[in-house]
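Trainee: Working from the sequences, and respecting the hints, build out all of it.
These protein sequences, in sequence, are chains A and B. The first sequence runs 383 to 609 under our numbering. The second sequence runs 63 to 538 under our numbering.
Think of the hints as simulated: they come from the structure by calculation, not from any bench. The beta carbon of each residue, even a glycine, is placed where N, CA and C say it ideally should be. Incorrect hints may have been included.
[Claimed, not checked] Beta-carbon label-pair distances, calculated as ranges:
no.: 1; chain 1: B; residue 1: G411; chain 2: A; residue 2: H396; range: 34 to 42 Å
no.: 2; chain 1: A; residue 1: E559; chain 2: B; residue 2: L417; range: 35 to 43 Å
no.: 3; chain 1: A; residue 1: N452; chain 2: B; residue 2: Y503; range: 53 to 61 Å
no.: 4; chain 1: A; residue 1: T608; chain 2: B; residue 2: R78; range: 46 to 54 Å
[Claimed, not checked] If you want the footprint, here are the derived chain B segments under chain A, 3+ residues with CB under 8 Å:
no.: 5; region: 63-72
no.: 6; region: 523-535
Listed here are the chains, written in short residue letters.
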Amino acid sequence: MKIIELKNLNKVYHEGEIDVHAVRGIDLSFQQGEFTAIVGPSGSGKTTILNLIGGLDNPTDGDIIIDEVNIGNLKSSALTDFRMKNIGFVFQAYNLIPVLTAKENVEFIMHLQGKSKKERTERALQLLKEVGLSERVNSRPAKLSGGQQQRVAVARALASKPKFILADEPTANLDSESTANLLDIMEKLNKDENITFIFSTHDSRVVNKARRVVTVEDGKVVSDITK
Amino acid sequence: MILSIAWKNIWRNKLRSLVVIFAVIIGILSGSIGVSIMEGMMKSRAKAQLNNEISHIQIHNSNFKFNNEAKYYIDNYDSIKTFISKLDGYKSSTDRLVISGLINSTGGNTAAFIYGIYPDIEKQVTEIYLFVKDSSGGYFNQDKKNQILISETTAKKLRLDRYVITDKTIELLSINNFPVDETPKLKTLLNIEYRTHKDFFNELRNTLDSKIVKEYEFLLLKYAVTFKHRANLVVTFQDINGKITGDRFRITGIYKTGNRMFDEMSVFVNKKDLSRLSGYKETYSHEIAVMLSDKDIAKPFAEKIKNKFPNLKVETWGEIEPMLIMFSEYMVIYNYLIILIILAALAFGIINTMLMAIMERTKELGMLAAVGMNKNRIFKMIMLETIFLTITGAIVGLVSNYFIIDWLSRKGIDLTKQMGEALEAMGFDSLIYPEMGVEYYFGITLLVIFVAILSSIYPAIKAIKLNPADAVRTDA
Ligand SMILES: Nc1ncnc2c1ncn2[C@@H]1O[C@H](COP(=O)(O)OP(=O)(O)OP(=O)(O)O)[C@@H](O)[C@H]1O
Ligand SMILES: [Mg+2]
Chain A
383 MKIIELKNLN
393 KVYHEGEIDV
403 HAVRGIDLSF
413 QQGEFTAIVG
423 PSGSGKTTIL
433 NLIGGLDNPT
443 DGDIIIDEVN
453 IGNLKSSALT
463 DFRMKNIGFV
473 FQAYNLIPVL
483 TAKENVEFIM
493 HLQGKSKKER
503 TERALQLLKE
513 VGLSERVNSR
523 PAKLSGGQQQ
533 RVAVARALAS
543 KPKFILADEP
553 TANLDSESTA
563 NLLDIMEKLN
573 KDENITFIFS
583 THDSRVVNKA
593 RRVVTVEDGK
603 VVSDITK
Chain B
63 MILSIAWKNI
73 WRNKLRSLVV
83 IFAVIIGILS
93 GSIGVSIMEG
103 MMKSRAKAQL
113 NNEISHIQIH
123 NSNFKFNNEA
133 KYYIDNYDSI
143 KTFISKLDGY
153 KSSTDRLVIS
163 GLINSTGGNT
173 AAFIYGIYPD
183 IEKQVTEIYL
193 FVKDSSGGYF
203 NQDKKNQILI
213 SETTAKKLRL
223 DRYVITDKTI
233 ELLSINNFPV
243 DETPKLKTLL
253 NIEYRTHKDF
263 FNELRNTLDS
273 KIVKEYEFLL
283 LKYAVTFKHR
293 ANLVVTFQDI
303 NGKITGDRFR
313 ITGIYKTGNR
323 MFDEMSVFVN
333 KKDLSRLSGY
343 KETYSHEIAV
353 MLSDKDIAKP
363 FAEKIKNKFP
373 NLKVETWGEI
383 EPMLIMFSEY
393 MVIYNYLIIL
403 IILAALAFGI
413 INTMLMAIME
423 RTKELGMLAA
433 VGMNKNRIFK
443 MIMLETIFLT
453 ITGAIVGLVS
463 NYFIIDWLSR
473 KGIDLTKQMG
483 EALEAMGFDS
493 LIYPEMGVEY
503 YFGITLLVIF
513 VAILSSIYPA
523 IKAIKLNPAD
533 AVRTDA
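Mentor: See below:
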């Protein structure tokens, strides 16, 4: 089932006098249950593409259709709401609210969604267990390692039961052991629970785990290989 | 949850938040201590005016006040008293004769209202007797004829003032930090009496450092002044037939209230003496003063008297001295204005701090927006942070204020040395007992909330203007 469709997507940033054409006419679609890496050199437009799919940024031209909704047509507040209900995010850093514990961070989105306290607590504990952090539910982010923080971020992203998870270089700040650990968790979630992951990366070990690899260069898709 | 996040966020940069909170505490404290001083001054002045001068209700012949003519008197005090003493809230009352006249001494003269009072009953209504200095003699003595009680101001006008440095003077001065090295010089003047203020100061300037004389002028005067004892005065006034009459009176004592205007205008004699000399019968009265259990019931109480005795002029303290009410109303506005100004200044510090906090948290706020925290919620969170920050300071400020004022109100603030003369000239006591009504605690809290909300708006707008895509880019 197709859940994301990009049609003739363009993004131009205006930096003073200069126009930066970060995304140039991309047509792409993603299916439910994919485990896809977007790769490419620095500045090629990976982050821009993910931000556009995630509705964090508006395209200059083209359409982004998620589950039959053209998110380009949504107003800012509706878009925020849409993100909350449909998309999970894992960023490279600054994923968590520093003043909340791991469990509270996971609960936070469910709180925004208006879920009951009981449901929130149960699900948060369940998700933290899935990412292997049952022992650290009451720790604040500063007390967790980078890898543990990213795992909390994955749990947090899953909390809202999103249609897919976008992860922009989720392992960029991690050592190889933590990277492997995080990827194992993501892979397991993908296999066992059919969670869709779309992530960007520079890291060849991460690329190797992906089942589909989309390569971008200079704002264009130059190859799209499904293993 | 947003509430708890907001509260926790304040403590992320403890030092910075504490600085702001501390500033709010200081602001609130200085503002409310200022308020309490003003309130204390006003209240004690109002109280003194009611207790010494005006009483709660005054009754006159309906023509009396307009031209101050003694021929407009009341002749039925007995029946009035019988009526009012049965009303709820009645505490005490007395009647007086009031005749304007001239007071002469060998050294000078002055005009004044001569109040013929019943010394003992008067004690139940006014507190003048408390302001008679023992050293000046004392209050009225039961069995002596033609006694008169005058004020210090009147005594000075009559040139009855004398200046002597006594051991007591030196003791009182040293309590007020009179320099120790000047004290021996002062002692050279011990027990020498000067007949005028001018002579006294000339001598002081010759003896002491002139700067010290200047600094301690008011206190030197206050503690060195004495009055000629039991001096004879000639009091003249018109009798009931309009003929000039008068007699010799001997000063029984000298009083001094905080209100110079009142002191200047009022002398007291025994009603029996005044009645005998003026021809107004002892049962006649020009003025009836009534004290009630509570000054705030004066209006309905006066209404009842008016209904019963429609020909009398019955006035409440508020009607006699509208300034008292006006003053306290203006005071409230003025006090809140001061606090508002202080809070407005604090608001800039608060805004600045919140802007800094937001700048530091750009990425985090971007992340929050990205994962679905909408603008309303972000706005609310920043607003709450600002309010918490401010309110925390305000609560600590108001609570410590409560204890400080409680302490000050027992101890009093003595401004005699700094501004005693000016304060007394305006009718204020120079020993101030600060107080602040509960309504101010509510009022200030509301103002603080108002200012906190206002100062939160700009930072909150800044926060929601952040673009999540820019904010989450880690390379930025
Ligand atoms: N807000 C912006 N304003 C102007 N130019 C921008 C902005 N964001 C990105 N760009 C430019 O758009 C292009 C694509 O950037 P993008 O961040 O998407 O690349 P990337 O593939 O994610 O790179 P990296 O691997 O370094 O993260 C770059 O040339 C970048 O400089
Ligand atoms: Mg990038």
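Trainee: Next, verify each hint and record whether it holds.
Mentor: Here is how each hint holds up against the structure:
no., hint, result
1, B:G411 with A:H396: 34 to 42 Å, "holds, 37 Å"
2, A:E559 with B:L417: 35 to 43 Å, "holds, 41 Å"
3, A:N452 with B:Y503: 53 to 61 Å, "holds, 56 Å"
4, A:T608 with B:R78: 46 to 54 Å, "holds, 52 Å"
5, 63-72, "holds (count 4)"
6, 523-535, "holds (count 5)"
Violated hints: none; the structure is consistent with every hint.
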